[in-house]
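A.B. asks: Quick note, the sequences are listed as chains A and B, same order.
So in this note's numbering, spot 140 of the first sequence is number 994, and the numbers just go up one at a time.
So in this note's numbering, spot 75 of the second sequence is number 929, and the numbers just go up one at a time.
Because the hints were derived from the structure by calculation, they are not lab data.
Hints are supplied without guarantee of correctness; some may be wrong.
No distinction is drawn between identical chains; accordingly, a pair holds when it is met within one copy or between any pair of copies.
With a straight-line Cα cutoff of 20 Å, these simulated EDC-like cross-link-like pairs (lysine to aspartate or glutamate) come out [claimed, not checked]:
1. Lys-909 - Asp-1178
2. Lys-987 - Asp-951
3. Lys-1215 - Asp-975
4. Lys-1215 - Glu-1226
5. Lys-987 - Glu-927
6. Lys-1184 - Glu-1140
There are 2 protein chains.
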Amino acid sequence: MVNLQKFGVCRCTPCRSAPASRASKSSHLRPTRRVTVSVRCVSSSPAADTAYTTKVSRNANIAKLQAGYLFPEIARRRTAHLLKHPGAKIISLGIGDTTEPIPEVITNAMAERAHALSTVDGYSGYGAEQGEKKLRAAIAATYYADSGIEETDIFVSDGAKCDISRLQVLFGSSVKIAVQDPSYPAYVDSSVIMGQTDLYQQDVQKYGNIEYMRCSPENGFFPDLSSVPRTDIIFFCSPNNPTGAAASREQLTQLVKFAKNNGSIIVYDSAYAMYISDDSPKSIFEIPGAKEVAIETASFSKYAGFTGVRLGWTVIPKELLFSDGHPVAKDFNRIVCTSFNGASTISQAGGLGCLSPEGLKAMQDVVGFYKENTDIIVETFTSLGYNVYGAKNAPYVWVHFPGRNSWDVFAEILEKAHVVTTPGSGFGPGGEGFVRISAFGHRENIIEAARRLKELYK
Amino acid sequence: MVNLQKFGVCRCTPCRSAPASRASKSSHLRPTRRVTVSVRCVSSSPAADTAYTTKVSRNANIAKLQAGYLFPEIARRRTAHLLKHPGAKIISLGIGDTTEPIPEVITNAMAERAHALSTVDGYSGYGAEQGEKKLRAAIAATYYADSGIEETDIFVSDGAKCDISRLQVLFGSSVKIAVQDPSYPAYVDSSVIMGQTDLYQQDVQKYGNIEYMRCSPENGFFPDLSSVPRTDIIFFCSPNNPTGAAASREQLTQLVKFAKNNGSIIVYDSAYAMYISDDSPKSIFEIPGAKEVAIETASFSKYAGFTGVRLGWTVIPKELLFSDGHPVAKDFNRIVCTSFNGASTISQAGGLGCLSPEGLKAMQDVVGFYKENTDIIVETFTSLGYNVYGAKNAPYVWVHFPGRNSWDVFAEILEKAHVVTTPGSGFGPGGEGFVRISAFGHRENIIEAARRLKELYK
Chain A
855 MVNLQKFGVC RCTPCRSAPA SRASKSSHLR PTRRVTVSVR CVSSSPAADT
905 AYTTKVSRNA NIAKLQAGYL FPEIARRRTA HLLKHPGAKI ISLGIGDTTE
955 PIPEVITNAM AERAHALSTV DGYSGYGAEQ GEKKLRAAIA ATYYADSGIE
1005 ETDIFVSDGA KCDISRLQVL FGSSVKIAVQ DPSYPAYVDS SVIMGQTDLY
1055 QQDVQKYGNI EYMRCSPENG FFPDLSSVPR TDIIFFCSPN NPTGAAASRE
1105 QLTQLVKFAK NNGSIIVYDS AYAMYISDDS PKSIFEIPGA KEVAIETASF
1155 SKYAGFTGVR LGWTVIPKEL LFSDGHPVAK DFNRIVCTSF NGASTISQAG
1205 GLGCLSPEGL KAMQDVVGFY KENTDIIVET FTSLGYNVYG AKNAPYVWVH
1255 FPGRNSWDVF AEILEKAHVV TTPGSGFGPG GEGFVRISAF GHRENIIEAA
1305 RRLKELYK
Chain B
855 MVNLQKFGVC RCTPCRSAPA SRASKSSHLR PTRRVTVSVR CVSSSPAADT
905 AYTTKVSRNA NIAKLQAGYL FPEIARRRTA HLLKHPGAKI ISLGIGDTTE
955 PIPEVITNAM AERAHALSTV DGYSGYGAEQ GEKKLRAAIA ATYYADSGIE
1005 ETDIFVSDGA KCDISRLQVL FGSSVKIAVQ DPSYPAYVDS SVIMGQTDLY
1055 QQDVQKYGNI EYMRCSPENG FFPDLSSVPR TDIIFFCSPN NPTGAAASRE
1105 QLTQLVKFAK NNGSIIVYDS AYAMYISDDS PKSIFEIPGA KEVAIETASF
1155 SKYAGFTGVR LGWTVIPKEL LFSDGHPVAK DFNRIVCTSF NGASTISQAG
1205 GLGCLSPEGL KAMQDVVGFY KENTDIIVET FTSLGYNVYG AKNAPYVWVH
1255 FPGRNSWDVF AEILEKAHVV TTPGSGFGPG GEGFVRISAF GHRENIIEAA
1305 RRLKELYK
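If we strip away everything but chain A, and leave its shape as in the complex, we get (with noise of 0.2 Å):
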């Protein structure tokens, strides 16, 4: 007999496609590389029964989670189709992934670096947790200088979504969250990790427990707060991410003074804040009172292609408190000591390129350049009667199909047009109806791209 100890979970197609727990007790099984001997899958077998199991219990709130996470979903629906058409030339406008080179004066800064820790004057190991003081400098003289954020507000990090994620764990298990429907699924699906929900709701396609605050056409894009009952702490993405929506600065200020009537704290996703062109505020921090009641999480990713290099801040001010006096930034600052070990300090070294006065300059001229394809894109859905929304400030088209399903939208692009574009319902119920575009690409997919999608539906 098989000694069935030897063998583990079955890789073979059926098995792999097939959700976990189901596969774990399939009777396939794979024989590991000591062993010799072959083992074909065999359904109904009572072997896998045998397969040794751990006495530790899955974490429950893990398995709250619908489905894969947003992104990695659609890299696998991207996959199948190649598989499918292999052939096919697919233009990808979904993952909101950034295309254009670094420019150089920021990439030289890093190579700079990188060379330096080879020597033994520029060599350096840890770097302090909360980002190199230089920097945490910059980002305040650059981004903060009228609104009284200093350099010890500011936490480098290694991206805008790692720190939503360690805000999550610093707010713990207890707190009930607002996010904007349709939101970034990181909001969301954070606060189902850290247990702040309940099970999803498959009726309404929400977890209970979170408030979903509605934007749409209908509403500008902003929620009417006077229906949003007190929450915790409150997601605001603006420009949103996926509907390209920038809260004005009457509307931020209404967010506020909301946020401190209830004694909410707001984390404020400020990520595209460089593609706003109107006089929407860039940041909450330009809201007279928002240092009492917000966070602030930014990212380089999107203004100098930073989304593999990896570099963003969070800011957190000394004035905002939890209710019993504790600033909220001891205990951040204590999360990242213990967590983190600081951003790439390359990366750092890039982010103080970005922002010496060419930097500046190069960032606008990519962010300039993504907001071209952006206007390719709105032409595009304008002149086939569609109605779009966001764009003007921001990298993302959010194009309205009324009645129809968003993933068969996005089924229908990717097959008849192999352009991957991301629907609207993965960010929540609110964007059923909606498929976002987003406008990172070379210039002559973006032409191709329209092309085809005029072909499609002319």
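Once you have looked at the hints, place chain B on chain A.
C.D. replies: Positioned in the frame of chain A, the structure of chain B alone reads:
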């Protein structure tokens, strides 16, 4: 009357050094930049009681944490010492921070990648959250060729410390952990933050609901497993930080058997494996059966001087299953995709440089250099009549000062020799009476520290 809403918490020295919860209730007010009125610190004014606080409760788990995270606390004491003795030539053998330049073959790889990012062909945006396929394959081939660990079992990270916290998020708040006592403080502190523990018990200097497995000279720094109750998770670091002890093959076989009998998961921290000189296993996966009960976390930090570059990895074999049969790797993948966006691509290029034939040789040289430092430190304390442990397989020397308080010895060495060490009790109650000396330092500093220590304890 002054409008108190315009004032934040005072940043004057007395307020900043006071515990934050007190400071926030104090009356020390600071005008924001927009207010020109100058307000002096005045004690016992009722003013600060009206400072705005949110209604969000502080996370009770974070409130359980004692003092600061160990290493920032040591940095603080170092800074205080320097203020007191401005001319002192402090030698830091505390935090375990690498000091030697990164070999050029590795920095060249990083600089080359940085430059490539400014070209159309060389640019890349988001990488896979799990790391570049080529790097995952190289790690599997270099370190796990004989143990059946595959590329897909490897998750590339921005460092072991970061992954430890992500693993704790994976496990959630319901598990109970065991740690070696003494041990690297990130295991315990991340457990507290996740809500796995009860309050800190001052009398025994332990958190409730953590199993501290005593490791002392008496048991050869390997716990008496016959007296250890079952826990869900066992954090085990070998070669150990701080004791420097590497577990033998026989001991690790015992550990795996213990975990398997209890259905526990071992989180094996092998960050110092390359320092092993004898035939102790360099990976838990050298032990048969470990793939069903163990996770391994590792790092380039101490091999290539990557403490600031940030690159590590975690191995979760597909054979490791929760009690319901769900693969642990599948949930970790979800955490990584939701809370992380991959290590910097430039750091990953450095990792590929490390694992090239020249890179491996260069890392061996770096490790060899620090091991020579270890010999100098061992000789110093041995010649002074002290019992020293570790050192043989690790960059740490664990020096016994019987009957003395670790922080007192730390203070004595800092005060009289201007040498920063790490007090053993910072790693748990089992470290009391010991001091950890790090071998990371320039040769001349190690020699000078040895001279001062010989002078101090002659």
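A.B. asks: Now tell me, hint by hint, if it's right for this structure.
C.D. replies: A quick look at each hint next to the structure:
no. : hint                : result
1   : Lys-909 - Asp-1178  : between (39 Å within a copy, 8 Å between copies)
2   : Lys-987 - Asp-951   : between (29 Å within a copy, 19 Å between copies)
3   : Lys-1215 - Asp-975  : neither (31 Å within a copy, 23 Å between copies)
4   : Lys-1215 - Glu-1226 : within (17 Å within a copy, 49 Å between copies)
5   : Lys-987 - Glu-927   : between (38 Å within a copy, 18 Å between copies)
6   : Lys-1184 - Glu-1140 : neither (23 Å within a copy, 42 Å between copies)
The earlier numbered hints that this structure contradicts are 3 and 6.
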